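S.K.: In case you want the letters, here they are:
Number of protein chains: 2
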Amino acid sequence: MTYRAPVRDLAFSLTAVAGIDDLAATGAFPDYDGDVLNAVLEAAGQFSEEVLAPLNRPGDLAGATYANGAVTAAPGFADAYSQFAAGGWTGLAAPASAGGQALPKALELAAFETVHAANMAFGLCPMLSLAAIEALEAHGTEHQKTAYLPRMVSGEWTGAMCLTEPQAGSDLGALTSTATPNGDGTYSLTGQKIYITWGDHDATDNIVHMVLARLPDAPAGPKGISLFLANKFLVKADGTLGDRNAFRPVGIEHKLGIHASPTCVMQYEGATAELVGRPNEGLAHMFTMMNAARVGVGMEGVGIADRAYQHALAYALDRRQGRSVWTGEAGAPIFDHPDVRRTLSVMKAKIEAARAICLSTGVAADMARHAATPEMRAHWKGREDLLTPIAKAWSTDAGVEIASQGVQIHGGMGFVEETGAAQFYRDARIAPIYEGTNGIQAMDLVGRKLSQDGGASAKAVIAEMKATLTDLGGLYSGKPIERFKTAIAAVEDATLWILDRKADPAGAADVLAAADAYLKLMGDVIGGWMLARGALAAKARLTAGDGDPAWLEGKIALYEIYAANVLGHASSRLAAIGQGGDLLKRMGREALGV
Amino acid sequence: MTYRAPVRDLAFSLTAVAGIDDLAATGAFPDYDGDVLNAVLEAAGQFSEEVLAPLNRPGDLAGATYANGAVTAAPGFADAYSQFAAGGWTGLAAPASAGGQALPKALELAAFETVHAANMAFGLCPMLSLAAIEALEAHGTEHQKTAYLPRMVSGEWTGAMCLTEPQAGSDLGALTSTATPNGDGTYSLTGQKIYITWGDHDATDNIVHMVLARLPDAPAGPKGISLFLANKFLVKADGTLGDRNAFRPVGIEHKLGIHASPTCVMQYEGATAELVGRPNEGLAHMFTMMNAARVGVGMEGVGIADRAYQHALAYALDRRQGRSVWTGEAGAPIFDHPDVRRTLSVMKAKIEAARAICLSTGVAADMARHAATPEMRAHWKGREDLLTPIAKAWSTDAGVEIASQGVQIHGGMGFVEETGAAQFYRDARIAPIYEGTNGIQAMDLVGRKLSQDGGASAKAVIAEMKATLTDLGGLYSGKPIERFKTAIAAVEDATLWILDRKADPAGAADVLAAADAYLKLMGDVIGGWMLARGALAAKARLTAGDGDPAWLEGKIALYEIYAANVLGHASSRLAAIGQGGDLLKRMGREALGV
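Protein chains in written order, with full-length UniProt numbering: chain A, 1 to 594; chain B, 1 to 594.
The shape of chain A in the complex, shown without the other chains (with noise of 0.2 Å):
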């Protein structure tokens, strides 16, 4: 079974759920049309499946390995990075000031979710450099900009993300490493970082480190912590790489996936780096460009969990046991039961909404940007902020649960490794960790991003959702409406709720109690918005006699598998929501017995 880029259901989540179109009109994308969407899927696709899948299961085998101070790529990921950068994918959205193609996020998004499928310890070397680069890109000097940027966008050097440290994971305000001035304008860095992803490798030449660190005299905590720069291999004036830094690996994790991608305790010992942006303001700094990354990992879920289900699906139409009650077929491929098709069915659907839910979230942030008024730039922020945490924690949650299904599908040969299936569940789990565990994810929407503008965002996708349940009226009748009504109305009961106990100062716990359930709510409910949008847009093309009839139909029943398996859930995911932080502060230590 070999890994096949879903371009055709890609291009239609960006043309007809996302509105990747409307970018076009703000005329800050002259390279982008139609032709060019499609061109950079189905290559970026024809990469993924031709270059990356091939080296997944080697690289889960062999693993990144460390000796003596030094982090060896999985044998063969080197020349594949190679080959990435000469292609030009990591420039796809990067400015064309700095080398890049200017094309829009969201459509290097959808690349992206190819590279991770095919091959995810592999997807988050560049994605590290993406998020490495947006950093810079705001925050940079401008000889940062010129001296760094255009070889990161090159991809001829990687960046690295480091802000972890053993007793600063979820709570960064902790984080101790120092960085003391030179006197010459640099700085020196001291302190250890862990979980730092491709943080060393022989792929590239060099490794651009952002870290986190404190100044001398840093106020404690979170408010004085600042971003620094610090190159592998120091960089001289005239572009050639000088001395080795005074940094490096002292170990990589063994852990449970991912085994291609090195997880590097890295020390730093009086290393030379550069303050990237405004001193004591580092982590702000590094959430402006923290969105995306979250939105990366959504893609990663997606990713993972389309390649479970389409291992799957292979297996289910080859692998033959017992009588179809549909077809009569004794020996029937196993796709014809209705136990497994619902399976393959619902797994199909989560995908599909989670694909949509992370590229709406790139268009989003694409306007946010581009957007032609100061107005509409600061609704499509307030749509991304909002879907963001979503689209990171409901995206990444579906492709544990799809990669636990996949395996489930292939039955004992599901729990035997070289099938496959096993290395995509292994896999699948760190997203969720990771950017920010889920329950942070979850903590950020109720605690910031549902309130920042006193709800108008939320508010906005509820009006919008109605919009689309009243169009959704010509399309199907009975039980697929009403679900969606009923969801919708969960939606608006809970934000309202969420909002009344978050302006009561007592209300704290029970908004964090919340929490979890709001988020999972909202990802249910605007997965099943854009499915439902995807259906009136295959009806459309129905309508106008354009594209595969068979394939449009199965948006239009996919909606309804939804609806039917997931949207049901809004009333149970209410009642969590309700549930209160006094509840939770009973079942204390002694009321669970130890």
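Hints listed in this document are in silico derivations from the structure and should not be mistaken for laboratory results.
Take the hints with a grain of salt, since some may be wrong.
It does not matter which identical chain is used: a pair holds within one copy or between any two.
Calculated lysine-lysine pairs in the DSSO-like style (CA-CA distance at most 27 Å, straight line) [claimed, not checked]:
1. Lys502 <-> Lys459
2. Lys479 <-> Lys502
3. Lys485 <-> Lys585
Bear in mind that the values here come from a model prediction, so they are computed numbers and not experimental data.
Dock chain B against chain A, hints included.
M.R.: Frame of chain A; chain B shown alone:
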């Protein structure tokens, strides 16, 4: 972090929820009383904690090994097995005539939870012996019961169940292994079996294989399968071991988890075998013991879930990040953050629900054998049949989900193998697959167990749930009552709908499309019922001043946690139950674009 057997919770579940004391009233267990219950659980717990738990991670790392046609157990496992056998643990519920202790199966199940939790790979070895013992006890000849049973009950020999072939997994009717009469009452067994758990090892002198195969004149399909017994070493008339029999492992699988449990490919090459039970009734004979094996697997789900929960709870009490909204403490244990507390509380609630479902299934099985009248035995048999697929599937799905949440609670550390949480996530994944996949369980529930008595067993459960609902009015008001009421109504609606569709010849696909959601609904609601009964019992003990008040209050809160976070799913399950087969049929190859 070491494992602590939840002796108090197990005893509570057996006595306050599953109703084990009703068994004593049958007079069938003269050696059983409350003191014996506590002594057995204490001793089993201690053995699991001290002998089995320390071998869990080393066993994962080293695994069982295969070389030159023989399997070697992971280091320390053979010795641990000898201690297990010497402790008499295999014979807890076996008949006294075979050297067993003739205690209730339900108590044995509870004791085995601690074995599975401590070391799931180890637990499979005696669990498969129990299944083989059960099959021999029910269908063996007097000779077989005399010659083999006592040595299996004592643990001197282990048993293996040999069903699956490459082309015959869920569809055992497709198996092709053959058994030819030798003319002396024995048979010559030929064929290949896969996924044979502990099919070979070096922990005992002999292994008894229970093998499904076809007689030469057997009809095709499931009605031509017979059950055979083949000893690894032939047993002479005086009971001593003779020649090596003509079967051997030809390899073991490289699996996602339970590395210390050898999963063998077995080759039988004219092996000497004995018929067990009647010719061509092998599948039925196998199924008489399948109920017991399935609830045993359910208990594995409970065990691995509790292990993952304990591991995550210990981490949450230890790991300090951020300020608690409850205590105001900076650098608070993450246990004092509502979202972490919620996660752990829901994990705990599901574990106790699953445990009570499995133990209630065990009590029903005991009552089905030992209740006073044929009517009562039939009633309990119906209860056992109904609960068994739910106990197996719901508990093992919970095992996977809770093990995944256990990883999540650990954040980045959860993804690092040496933390241990990842092993539970890997190990847990097999339980929804073997002993009939959870999809097969769901089909068994709606296709057979629900309707075999015209729905009488399901209706009896519904009536009892309504009685509990009435009692609950004395303990709670508002939401915790309403949620249970709504959930019971959903079970009632769904049950009647499925019985109705099942009565319609055109309804077969509708029933199968509903199977998974119906099983999940039943598990969710019966689990809530169990916790509600636990809460009522806790209240009674509180009133009587009998037991640790904080812990008993915890049982009362736990039902409320479950009602808010799980019972609400009932309405969404109902939506999925009604989706119908036609909708799934529309999701064909073309619709999916393959």
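S.K.: With identical chains treated as interchangeable, where does the CA-CA distance between Lys485 and Lys585 reach 27 Å or less: within a copy, between copies, both, or neither?
M.R.: between (34 Å within a copy, 25 Å between copies)
S.K.: Is it within a copy, between copies, both, or neither that the alpha carbon of Lys502 lies no farther than 27 Å from that of Lys459?
M.R.: Classified as within; 16 Å inside a copy, 45 Å across copies.
S.K.: At 27 Å max between alpha carbons, let me know whether Lys479 reaches Lys502 within a copy, between copies, both or neither.
M.R.: between (34 Å within a copy, 22 Å between copies)
Of the hints listed earlier, there is not a single one the structure fails to meet.
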